[in-house]
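K.L.:
From first to last, the protein sequence lines are chains H and E. Numbered per the numbering used here, the first sequence finishes at 267, counting up by one with no gaps. Numbered per the numbering used here, the second sequence finishes at 1337, counting up by one with no gaps.
Errors might be hidden in some of the hints.
No farther apart than 20 Å at their CA atoms in a straight line, the calculated lysine to any residue pairs in the SDA-like style are these [claimed, not checked]: (1) H:K260 x E:N1209; (2) E:K1141 x E:L1170; (3) H:K260 x E:D1067; (4) H:K260 x E:K1141; (5) E:K1141 x E:F1086; (6) H:K260 x E:F1092; (7) E:K1128 x E:F1092; (8) E:K1128 x H:A100.
If you're looking for bench data, these hints aren't it; they were derived computationally from the structure.
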Amino acid sequence: MLSVGFRALFRREVLRFVRRPKNTFMPPAITNVLYFAVFGVILGGRIDEIAGYPYILFIVPGLIVLGAISNAFENASFSIFHGRWNEYIHETLTSPLSYAEMVVAYVGASAVRGLVVGIIIAVVGRLFVPIGIEHGLFLIATMVVITALFAGLGIIGGLVARDFDDLTVMNQFILRPLVFFGAVFYSLETFEQAWQVTLSLLNPMVYMVDSVRYGLLGHSDLIGVGVLPAPYADFAPLFSLGVLTTATAAVLAIDVYLFKIGYGLTD
Amino acid sequence: MPPAIETVDLVKEYGDLRALQELSLTVEEGEFFGLLGPNGAGKTTFINTLVGLVRKTGGDARVFGHDVEDDYRQARDAIGLAPQEFNVDRFFPIKEVLMHKAGYHGIPEDEAADRADEVLKRVGIYDKRNERFDWLSGGMKRRLLLARALVTDPDLLILDEPTAGVDVQLRHDLWDLVTELNEEGTTILLTTHYIEEAERLCDRVAIMNEGRKVTVATPDELKERGSDTIAVRLESEPSTAPDLGAYAHETTVSGDRLEVRVDDGGATAPRLLNDLEARGFEIADLEITRTSLEEIFVDLTRSEDRTVTRSSAESADGSDDESSAKREREREREGVA
């Protein structure tokens, strides 16, 4: 049973972004219309199929991941940092909520924003190309895990940041490059050199994009490049989900620890 | 029943700076307790330690018997805090801000809405319930901080300089309200720079200086610790100040006016008159001036301009440290100290 206090904080966090759709939902919708129009229709029309899928369909999962995790991260980091900056996070910190309840409420609400943005991007993509869902439960589980993971990382970002520029740096200069090199716009199978694949596999975004692509299209680059040994190669998406879930649990534990010691929150 | 607040040897250090030094203090349930001290005395640090905004370095702190760190949920649930700073959620209308705060304390949404209305009416800004914080005047903002502290119906209400910078009318309104709350059973901890406020409202006051408790007493007891001045106007100017004995701590002459500083002006005046008449002086007029609480406060907290650091506290010789003093002033501005 979720406590009244937890529900109050979760509700407050969700209302904060729901009541500002111009700031929270409109930008990813417009950006993705542009992505699909330029990369999918104009450039995609000149590109052959990738892994047997039209290019515009192939990039849908990556764009969903990009929008979902960016918004989950941005929401959590902004909410924490803005609360610190204006000190109204004291309303939460001086309440009898447990540290775990505080973290789960902030992470949960930010994950919800990420999921809603992911759905918006899917709907925008559907305007350009028919999209099916091959592994629905796997897709849902992956989306929940990766938005929670980046919301959890956003909490750390919000606690570590010293000014608003730090938040911008984290999102624009760390998150986005990793996603763009996370096989959003290309397949790992297109690499001709083994080191290119090996280097890509060091990027955690590859596993997220691949998992969502597997859930939506039924295609996994990680199976194709043989990330797991032969008898287990087809379990690559499940392996990815397991690793991502473990990473999410670890990040949430760090969040709770930081709240407990008051890092960035108390003197 | 455990005390509302009980701290034993409470210490807070910021690096080399000691903001609280082995502070032991007890506030009984139902008391109206004042915390007085100059800027940087550690009043806000003390309060923030109780509510969880400052992590103590050492010692113990309990609220109604609950340790502020081990049992932080119970301790925080008992406290309503009206801070100095305007740390209010700007995203929502003020009624929703209060509902959220009540919600965090486990109060269901419907009841939270009723309570928000009730406290907004009580502090006199109900008609502004749908406004955002930034649209309120300074006085209304101060009222809202009090409303937010009250919406959880706390057993311990902490008011950190609630009347700083407010007009006379609002100050009296706030005094009436907190007096009423105290009479209803709420324990109140008030920090203030206004001696009159402490004298008027508090059952007991603690005077703090440089992170230490200087004394704890009732306002009357404090005033008794001061000396009084008996001013006597004589019919003729004396050539020198008369020698009056040990009860006169200081005797000064200015024209036909003789001023004598004594412990208790009322009790000493007849003896003084007799002594003066015995020495041939004719008395035209007499006036007794009681020491104000403010003068006693200044006397108790008068100290060299020094900052207490861990090393200076250990060696007890308090050397000046300009950079530390600057840092302490910065912390004070930031609402830390």
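K.L.:
Decide, hint by hint, whether the structure agrees.
P.N.:
Structure-based check of all given hints:
1. H:K260 x E:N1209: Cα-Cα ~30 Å, so violated.
2. E:K1141 x E:L1170: holds (11 Å)
3. H:K260 x E:D1067: Satisfied, since the Cα-Cα distance of roughly 15 Å is no more than 20 Å.
4. H:K260 x E:K1141: violated (30 Å)
5. E:K1141 x E:F1086: Cα-Cα ~7 Å, so holds.
6. H:K260 x E:F1092: violated (27 Å)
7. E:K1128 x E:F1092: Holds, at roughly 12 Å.
8. E:K1128 x H:A100: violated (34 Å)
Hint compliance for this structure: hints 1, 4, 6, 8 are broken, all remaining hints hold.
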